[in-house]
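Undergrad: If you read the sequences in order, they're chains A and B. When you line the first sequence up against this note's numbering, it's residues 1 to 460, in that order. When you line the second sequence up against this note's numbering, it's residues 1 to 460, in that order.
Just so you know, the hints here were simulated from the structure itself, not pulled from any lab data. Please note that a few of the clues may not be correct.
Derived pair list, reagent style DSSO-like, types lysine-lysine, alpha-carbon separation capped at 30 Å [as the list claims (entries may be wrong)]:
| # | chain 1 | residue 1 | chain 2 | residue 2 |
| --- | --- | --- | --- | --- |
| 1 | B | Lys214 | A | Lys214 |
| 2 | A | Lys158 | B | Lys394 |
| 3 | B | Lys158 | A | Lys214 |
| 4 | B | Lys158 | B | Lys214 |
FRET-style restraints, in silico, Cβ to Cβ [claimed, not checked]:
| # | chain 1 | residue 1 | chain 2 | residue 2 | range |
| --- | --- | --- | --- | --- | --- |
| 5 | A | Arg42 | B | Arg221 | 53 to 61 Å |
| 6 | A | Arg442 | B | Gly128 | 26 to 34 Å |
| 7 | A | Gly452 | B | Thr97 | 23 to 31 Å |
This one's a predicted model, so the numbers in the text were calculated from it and none came from an experiment. Ideal Cβ positions, reconstructed from N, Cα and C, are used throughout, including at glycine.
There are 2 protein chains.
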Amino acid sequence: MPAEPDVVTALVARLRPDQVLRGEGERDAYAHDDAEWAEFHRPIAVVLAETTGEVAATVRLAAEHGVSVVPRGAGTGLSGGANALRNAIVLSLERMTRVIEIDAAERFVVAEAGVINDDLRTAVAAHGLWYPPDPASYRISTIGGNAATNAGGICCVKYGVTRDYVLGMTVVLADGEIVHLGRRTAKGATGYDLTALLVGSEGTLGVITELTLKLLPLGGREERAIVGSFGSLEDAGAAVAAISAAGIVPSALELIDETCLRAVDDWQGLGLPHGAAALLLSTVDEVGDVGAGHAASIALLMAEAGALGVEQAAVAEEIERLFLARRLAYPALERLGPVLTEDICVPRTAVPEMLGRIRDTARAHDVVIATIAHAGDGNLHPLIIAPEGDDAAKARAKRAFDRIVDDCRALGGTVTGEHGVGLLKLPGARIELGDRVLAMHRDIKAAVDPRGTLNPGKAF
Amino acid sequence: MPAEPDVVTALVARLRPDQVLRGEGERDAYAHDDAEWAEFHRPIAVVLAETTGEVAATVRLAAEHGVSVVPRGAGTGLSGGANALRNAIVLSLERMTRVIEIDAAERFVVAEAGVINDDLRTAVAAHGLWYPPDPASYRISTIGGNAATNAGGICCVKYGVTRDYVLGMTVVLADGEIVHLGRRTAKGATGYDLTALLVGSEGTLGVITELTLKLLPLGGREERAIVGSFGSLEDAGAAVAAISAAGIVPSALELIDETCLRAVDDWQGLGLPHGAAALLLSTVDEVGDVGAGHAASIALLMAEAGALGVEQAAVAEEIERLFLARRLAYPALERLGPVLTEDICVPRTAVPEMLGRIRDTARAHDVVIATIAHAGDGNLHPLIIAPEGDDAAKARAKRAFDRIVDDCRALGGTVTGEHGVGLLKLPGARIELGDRVLAMHRDIKAAVDPRGTLNPGKAF
Numbered sequence: 001m002p003a004e005p006d007v008v009t010a011l012v013a014r015l016r017p018d019q020v021l022r023g024e025g026e027r028d029a030y031a032h033d034d035a036e037w038a039e040f041h042r043p044i045a046v047v048l049a050e051t052t053g054e055v056a057a058t059v060r061l062a063a064e065h066g067v068s069v070v071p072r073g074a075g076t077g078l079s080g081g082a083n084a085l086r087n088a089i090v091l092s093l094e095r096m097t098r099v100i101e102i103d104a105a106e107r108f109v110v111a112e113a114g115v116i117n118d119d120l121r122t123a124v125a126a127h128g129l130w131y132p133p134d135p136a137s138y139r140i141s142t143i144g145g146n147a148a149t150n151a152g153g154i155c156c157v158k159y160g161v162t163r164d165y166v167l168g169m170t171v172v173l174a175d176g177e178i179v180h181l182g183r184r185t186a187k188g189a190t191g192y193d194l195t196a197l198l199v200g201s202e203g204t205l206g207v208i209t210e211l212t213l214k215l216l217p218l219g220g221r222e223e224r225a226i227v228g229s230f231g232s233l234e235d236a237g238a239a240v241a242a243i244s245a246a247g248i249v250p251s252a253l254e255l256i257d258e259t260c261l262r263a264v265d266d267w268q269g270l271g272l273p274h275g276a277a278a279l280l281l282s283t284v285d286e287v288g289d290v291g292a293g294h295a296a297s298i299a300l301l302m303a304e305a306g307a308l309g310v311e312q313a314a315v316a317e318e319i320e321r322l323f324l325a326r327r328l329a330y331p332a333l334e335r336l337g338p339v340l341t342e343d344i345c346v347p348r349t350a351v352p353e354m355l356g357r358i359r360d361t362a363r364a365h366d367v368v369i370a371t372i373a374h375a376g377d378g379n380l381h382p383l384i385i386a387p388e389g390d391d392a393a394k395a396r397a398k399r400a401f402d403r404i405v406d407d408c409r410a411l412g413g414t415v416t417g418e419h420g421v422g423l424l425k426l427p428g429a430r431i432e433l434g435d436r437v438l439a440m441h442r443d444i445k446a447a448v449d450p451r452g453t454l455n456p457g458k459a460f
Numbered sequence: 001m002p003a004e005p006d007v008v009t010a011l012v013a014r015l016r017p018d019q020v021l022r023g024e025g026e027r028d029a030y031a032h033d034d035a036e037w038a039e040f041h042r043p044i045a046v047v048l049a050e051t052t053g054e055v056a057a058t059v060r061l062a063a064e065h066g067v068s069v070v071p072r073g074a075g076t077g078l079s080g081g082a083n084a085l086r087n088a089i090v091l092s093l094e095r096m097t098r099v100i101e102i103d104a105a106e107r108f109v110v111a112e113a114g115v116i117n118d119d120l121r122t123a124v125a126a127h128g129l130w131y132p133p134d135p136a137s138y139r140i141s142t143i144g145g146n147a148a149t150n151a152g153g154i155c156c157v158k159y160g161v162t163r164d165y166v167l168g169m170t171v172v173l174a175d176g177e178i179v180h181l182g183r184r185t186a187k188g189a190t191g192y193d194l195t196a197l198l199v200g201s202e203g204t205l206g207v208i209t210e211l212t213l214k215l216l217p218l219g220g221r222e223e224r225a226i227v228g229s230f231g232s233l234e235d236a237g238a239a240v241a242a243i244s245a246a247g248i249v250p251s252a253l254e255l256i257d258e259t260c261l262r263a264v265d266d267w268q269g270l271g272l273p274h275g276a277a278a279l280l281l282s283t284v285d286e287v288g289d290v291g292a293g294h295a296a297s298i299a300l301l302m303a304e305a306g307a308l309g310v311e312q313a314a315v316a317e318e319i320e321r322l323f324l325a326r327r328l329a330y331p332a333l334e335r336l337g338p339v340l341t342e343d344i345c346v347p348r349t350a351v352p353e354m355l356g357r358i359r360d361t362a363r364a365h366d367v368v369i370a371t372i373a374h375a376g377d378g379n380l381h382p383l384i385i386a387p388e389g390d391d392a393a394k395a396r397a398k399r400a401f402d403r404i405v406d407d408c409r410a411l412g413g414t415v416t417g418e419h420g421v422g423l424l425k426l427p428g429a430r431i432e433l434g435d436r437v438l439a440m441h442r443d444i445k446a447a448v449d450p451r452g453t454l455n456p457g458k459a460f
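The task is simple: from the sequences and hints, build the whole structure.
TA: If you want it as C-alpha cells, here you go:
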C-alpha cells in the first residue's frame with residue numbers, strides 16, 4: 001500500500017477523519033460531475049467541509065502542498081467543471097446546508113453554498129418570497145454550484161439567470177483568505193463588481209462558501225400554459241419569433257423535438273401528437289385579464305404559425321400534464337443510452353436553422369440527437385445518445401458535439417448558454433473568446449490565483 | 001510659451017487638428033465632471049475621438065508617452081470619475097454618437113458610447129423597444145458613461161441598473177488593443193463575465209467604445225402615480241416598508257424631504273403641502289385591473305401609515321404634475337448655492353433612521369441638506385448646499401459629507417448606490433472594501449493595465 005500523501009495527513013490532522021474520504025471507491029464517486037464524457041482522474045482525497053473556516057484550511061493546505069482544489073456542489077454539472085484532473089483534491093460543500101438569514105423586508109436570503117436550490121425555494125417561500133433561477137437540476141443541485149456556473153433554467157426567459165440574483169458572497173481565495181464581496185442593499189456601485197466576476201468563474205478564482213441572494217415577492221403571479229404541436233421545426237420557430245415580435249415575454253418558452261416526443265411516448269404512452277416535428281410549451285404568469293390575454297395571443301400566434309393543435313391550461317394539475325413531456329424528456333432519453341448533453345445559445349431567430357443543422361449532423365454522424373430547447377432564449381440542448389458500450393458510436397457522438405458547436409458559432413451564437421465551459425467546451429470557448437480576451441482571462445486568473453491552486457484547466 | 005508636449009504633437013499628427021483641444025480655456029472646460037468639489041487639474045490636451053480606432057490610437061500614444069488617459073462621456077458624473085488628475089489627457093467620446101444596429105427580434109441595440117441615453121431611448125422606441133435605465137441625467141448623459149459608472153435611476157427599483165442591460169461591448173485596452181466582450185444572444189456562460197467587470201469600473205480597465213444593450217418591449221405598461229405627503233420621515237418610511245411587505249414592486253418609489261419641498265415651493269409656488277416632512281412619490285405600471293389594484297393598495301398603505309394626504313393620477317399630464325416637485329428639486333436647490341451631491345444606499349428599512357441622522361448632521365455642521373431618495377431601493381441623495389463663495393461653509397459641507405458616509409456604513413449600507421466611487425468616495429470605499437478586497441482590485445488593475453495608463457487613482 002503506497003504511503004499516504006502528506007497533504008492528506010495534514011488534512012486529517014486539521015479536520016475530523018470522517019471529513020476526509022480516502023478510499024478508492026469514495027474517491028471515484030467524486031472524480032467527476034455529470035460530464036463523464038470529459039477527462040477525469042481519481043482525486044487524492046475528497047474533503048467534506050462543514051464551515052467556511054474548513055474550506056479555507058483545505059485550500060491553504062492544498063496550496064502549501066502544491067496540490068490543486070476542485071470545488072464541488074452536488075456534482076450535477078454537465079461540462080466537467082467539477083471533474084478532478086491530476087494531482088487534485090475534491091472539495092465538496094454538500095454539508096454546508098444552512099440557510100443563515102431570510103430578510104423579508106429587504107428581500108434577500110443568506111445561505112451556505114451547499115443548500116439545494118429547491119430547499120432554498122421552500123425556505124424563502126415560507127416568508128412569502130421567491131428565488132426564480134430554476135435549472136433543470138433544481139431538485140438536486142446546490143446554489144453554490146448554480147452560482148459558480150451561472151446556471152440558467154426555464155424561467156430565465158423572463159426572470160434572468162443566477163447572476164441576476166447574486167448580491168454578495170463569502171469567498172475563500174487561493175491563499176486561504178476569506179473575503180466578503182458585494183452587498184446586502186438593493187443597489188451598490190463600490191469598486192469592481194467582483195461578485196459578478198466570481199459568478200460563472202467555475203471555481204477558478206475562489207471557492208464560494210456563502211451567498212446573499214436577491215428574492216422577489218412570491219405572490220402576484222398566475223400561471224397559464226399554452227402548448228402547441230407543429231408539423232415542422234420552421235413553423236415552431238415562426239411561432240417563437242411571432243410571440244417575441246408581439247412584445248409578449250412568456251415565463252417559459254420551451255421546445256422539444258420529435259425524437260424527444262417519441263422517446264417519451266415509447267416509454268410512458270402519453271398519447272402525444274404523432275407526426276409532430278416539435279412541441280412548443282409556454283407559460284405566461286401575469287394575473288387576471290392580462291395573463292388571459294397573453295395566453296390567448298400566444299395560442300392565436302401558434303395557430304397562425306401553422307400549429308397542428310394548441311392546448312391551454314390555467315389549473316396547476318392541467319399545466320403539469322401539458323408540461324409532462326418536457327419533464328420526462330431527459331429521463332426518457334437516458335433510457336436509450338449515455339447522453340452527451342450539448343448546450344449552445346443562438347439568436348432566437350436562428351433557432352429553426354440551428355435545429356435543421358442539428359438534424360443534418362445526426363444523419364451525417366449516424367447518431368441519435370434529441371433536442372430540448374429554451375426556445376425563447378435561443379438556448380438549445382441537443383442530447384446526443386450513443387448506445388451503451390458502443391465506443392465507435394461514442395466517438396461519432398463527440399464529433400457531432402463539435403460540429404454543433406461550430407454551427408452555433410457560424411450562426412452568431414455562443415458555445416455555452418448556461419452549463420459553463422468546464423472541460424467539454426474548452427476548444428469552442430477558446431475560439432469564441434479569441435487570443436487577446438483569453439490572455440485577459442489568464443492575466444486575471446494569475447493575479448487572483450498566482451499558484452494555480454483553484455480548479456486549474458477549467459473555464460477558459 | 002512653453003513647448004508643446006511630445007504626446008500632443010503625436011496626437012495632432014495622428015488625428016485631425018480639430019480633434020485635439022489645446023487651448024487653456026478648452027482644456028479647463030474638460031478638467032472635471034460635475035464633481036468640481038473633488039480634485040482636478042488642467043489636462044495636457046483633450047481628444048475628441050470619432051472612432052474606436054482613434055480611441056485605440058490615443059490610448060497607445062498616451063501609454064507610449066507615459067501619460068494617463070481619463071475617458072469621458074458627457075461629464076455629468078457626480079463623483080469625479082472623469083476629473084483630470086496630473087499628467088493626463090482627457091479622452092472624450094462625445095462625438096461617437098452612432099446607433100449602429102437595432103434588432104427587434106433579438107431585442108438588442110448596438111450603439112457607440114457617446115450616444116445620449118435619451119437619444120437611444122428615442123431610437124429604439126421607433127422599433128417598439130424600451131431601454132429602461134433612467135439616471136436623472138438621461139437627457140444629457142451618455143450610455144458609455146452610464147455603463148462605466150453602472151448608472152442607476154428611478155425605475156431600477158423594478159427594472160434594475162445599467163449592468164442588467166449590458167450584453168456586450170467593444171473595449172480599448174490599456175495597450176491600445178481593441179477587444180469585443182460579451183455576446184448578442186439572450187444567454188451566455190463562456191468564460192469570465194468581463195462585461196460585468198468592465199461595467200462600473202470607471203474607465204480604469206478599458207475604454208468602452210461600443211455597447212450591445214438588451215431591450216424590453218415598449219408596450220404592455222400603463223402608468224399610474226400615487227403621491228402621499230407625510231408629517232414625519234418615520235411615517236413615510238413606514239409606508240415604504242408596508243408597500244414592500246405587501247409584495248408590490250412599484251416602477252418608482254421616490255422621496256423628497258421638507259427642504260426640497262420648500263426650495264421648490266419658494267421658487268415655483270406650486271402650492272405644495274405645508275407642514276409635510278416628506279413627499280413619497282410612486283408609480284406602478286401593470287396594465288388594467290392589476291395596476292389599478294396596486295395603485296389603490298399603495299394609496300391605502302400610505303393612508304394607514306399616517307399620510308396627511310394622498311393623490312392619484314392615471315393620465316400622463318396629471319402624473320407629470322404630481323412628479324413636478326421631484327423633477328424640480330435639484331434645480332431648485334442649485335439656486336441656493338453649489339450642491340455637493342451625496343449618494344449612499346442603506347437597507348430599505350433603515351431609510352427613516354438614516355434620514356434622521358442626516359437631519360442631525362445638517363444641524364451639527366450648520367449646513368443645509370436636502371434629501372432626494374430612491375426610497376424603494378434605500379438609495380439616498382442628500383444634497384449638501386454651501387452658499388456661493390463661503391469657504392468655511394464649503395469645509396463644513398465636506399465634513400457633513402464624510403459623516404453621512406460613516407452613518408451609512410454604520411447602518412449596513414454601501415458608500416455609493418449608483419454614482420460610483422470616482423474621487424469623492426475613495427476613503428469610504430476603501431473602508432467598505434477592506435484591505436484584502438482592495439488588494440484584489442489592485443491585482444486585477446495591474447493585470448489588465450500594468451502601466452496604470454487608464455484613469456489611475458479612481459474607483460478604489
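Undergrad: Does each hint hold? Answer for all of them.
TA: Structure-based check of each hint:
A C-alpha spacing of about 21 Å is found between lysine 214 of chain B and lysine 214 of chain A, which places the hinted pair at or below 30 Å, so the restraint holds. A distance of roughly 48 Å separates the Cα atoms of lysine 158 of chain A and lysine 394 of chain B; the hinted pair therefore is violated under the 30 Å criterion. Restraint check for lysine 158 of chain B and lysine 214 of chain A: satisfied, since their Cα atoms lie roughly 13 Å apart, inside the 30 Å limit. Of the pairs offered as hints, the one joining lysine 158 of chain B and lysine 214 of chain B holds, with about 16 Å between alpha carbons and a cut-off of 30 Å not exceeded.
For the pair arginine 42 of chain A and arginine 221 of chain B, the beta carbons lie near 56 Å from each other, so the given range of 53 to 61 Å is met. In this structure the hint that arginine 442 of chain A and glycine 128 of chain B lie 26 to 34 Å apart at CB is violated, the actual value being about 42 Å. For glycine 452 of chain A and threonine 97 of chain B, the Cβ-Cβ distance of about 44 Å falls outside the hinted range of 23 to 31 Å, so the restraint is violated.
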